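**Student:** Chains as they are written, first to last, in UniProt numbering: chain C, 1 to 217; chain S, 1 to 217.
Derived from the structure by calculation, the hints contain no laboratory data.
A quick note: this is a predicted structure, and the numbers were derived from the prediction, not measured.
Where hints are given, some of them may not hold.
As the list claims (entries may be wrong) - Looking from chain S toward chain C, a few residues come up when the C-beta cut is under 7 angstroms (computed): (1) Asp123; (2) Glu124; (3) Leu128; (4) Leu157; (5) Cys161; (6) Ala167; (7) Phe201; (8) Arg204.
What the hints assert, rightly or not - Output of the computed footprint for chain C on chain S, the stretches with three or more beta carbons under 8 angstroms from beta carbons of chain C: (9) 48-62; (10) 88-95; (11) 185-199.
Note that CB positions come from ideal geometry on N, CA and C, so glycine has one too.
Number of protein chains: 2
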Amino acid sequence: MAYRTTLARQDRDLELRQRILDCALTRVADGGFAVLTMQALAEDVGIATGSLYRHFRGKGELAAEVFARASQIEVDALAAVLRAPGQPVARLAAGLEQFAARAWHSRRLAFALIAEPVEPEVDEQRLLYREAYAELFVELLEEGVRAGAFHIEQVALSAACLVGAIAEALVGPLSPPARAAREQGRPSLELEQVSRTLTTFCLRAVGASLPAEETYQ
Amino acid sequence: MAYRTTLARQDRDLELRQRILDCALTRVADGGFAVLTMQALAEDVGIATGSLYRHFRGKGELAAEVFARASQIEVDALAAVLRAPGQPVARLAAGLEQFAARAWHSRRLAFALIAEPVEPEVDEQRLLYREAYAELFVELLEEGVRAGAFHIEQVALSAACLVGAIAEALVGPLSPPARAAREQGRPSLELEQVSRTLTTFCLRAVGASLPAEETYQ
């Protein structure tokens with residue numbers, strides 16, 4: 001009986017932890033890591049702040065876990081496209097377009113993940129996830145180099161350059177000032193422009209062969 | 001006389017502040033922001049920790065100022081090359097090579113500036129300085145587009161991509177694991193490879209005209 005009780009409690013703990021993370025992700029998606037405070041989150045979840053601290057030692061640990069979960073979803077989505085059947089150049093283009101589109105449609109969250117100033121624990125996760133993205137590009141670039149679709153010598157370094165270019169291309173258009181401009185109807189870049197510029201930049205950078213050069217310039 | 005005393009005190013305050021920042025930069029250049037603690041720094045400077053807090057409210061504010069000073073030196077160095085006389089393609093290549101070389105020769109500091117997980121105050125400065133770098137590239141790209149040397153539509157976005165590619169290309173080779181590999185004589189990238197890969201990547205990405213295509217591929 002004691003054993004069953006323990007299992008039941010573990011289940012409840014896991015369930016509550018999951019609910020806390022869901023609420024935390026909702027907060028970050030709405031207002032960035034800036035609005036993820038332990039007190040406000042405890043209120044969202046409907047528990048005492050003290051109970052929240054039993055699951056997460058503090059904001060840094062919590063933010064890092066929210067970051068990791070949200071980022072893993074993006075890594076998986078990108079992997080699905082980059083690893084799909086088809087020509088390497090077309091898959092790289094499709095991956096970049098999807099990444100930009102997904103970021104565009106969750107701008108607040110995307111900016112929070114990519115660039116919002118936040119606790120060092122999240123910076124650490126950022127470094128790890130940038131490596132995860134880079135590994136996906138390494139896979140595709142190696143395949144493409146063998147197939148004569150890309151022309152690069154240092155695959156790992158070029159993959160890192162792609163990750164940096166993608167992140168930085170989105171930081172500006174996703175940033176709070178850019179969002180404010182759009183909301184006030186002031187001129188701002190559209191997803192299509194961002195996506196096309198990014199794709200052209202990246203395909204050229206890795207020496208992608210035609211017909212991509214024609215299609216994406 | 002009171003006025004003179006006040007001026008003299010202000011001078012001494014400024015001088016001490018300058019000395020604190022010099023010592024702080026030395027610490028960061030040696031061991032990154034991780035070893036920049038208020039206590040250790042106070043010992044370096046030879047003052048009480050309490051006196052240090054009279055000049056900087058805390059580690060975040062201090063780290064942000066150290067970051068800004070060190071970064072401004074890099075921005076100025078890059079500006080000098082990008083704005084020098086000569087063809088835009090050659091100036092872009094020279095700027096990238098210089099940036100990589102400077103980072104390579106102060107690896108610990110460069111990694112600290114670009115990617116070390118650190119207080120949010122430094123992340124804020126990182127966003128600002130990435131904009132400063134991007135503005136330098138915008139200047140050069142606009143000039144190069146007018147001269148037919150670069151072929152891009154969205155100059156500001158392409159400049160952001162360059163900044164991201166440069167930062168990310170250096171993060172890996174400058175990171176503590178890469179440094180450890182070099183120190184232990186394990187295979188690791190050399191500056192020349194990093195610099196050539198980065199330059200090729202960036203010149204192609206902005207559609208740089210020949211002879212750069214020949215020289216840097």
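**Student:** Would you mind marking each hint as holding or not holding in the structure?
**Tutor:** Hints versus structure:
no.: 1; hint: Asp123; verdict: 3 angstroms, holds
no.: 2; hint: Glu124; verdict: 4 angstroms, holds
no.: 3; hint: Leu128; verdict: 10 angstroms, violated
no.: 4; hint: Leu157; verdict: 5 angstroms, holds
no.: 5; hint: Cys161; verdict: 4 angstroms, holds
no.: 6; hint: Ala167; verdict: 5 angstroms, holds
no.: 7; hint: Phe201; verdict: 5 angstroms, holds
no.: 8; hint: Arg204; verdict: 5 angstroms, holds
no.: 9; hint: 48-62; verdict: violated (count 0)
no.: 10; hint: 88-95; verdict: violated (count 0)
no.: 11; hint: 185-199; verdict: holds (count 6)
In this structure, the hints that do not hold are numbers 3, 9 and 10, in rising order.
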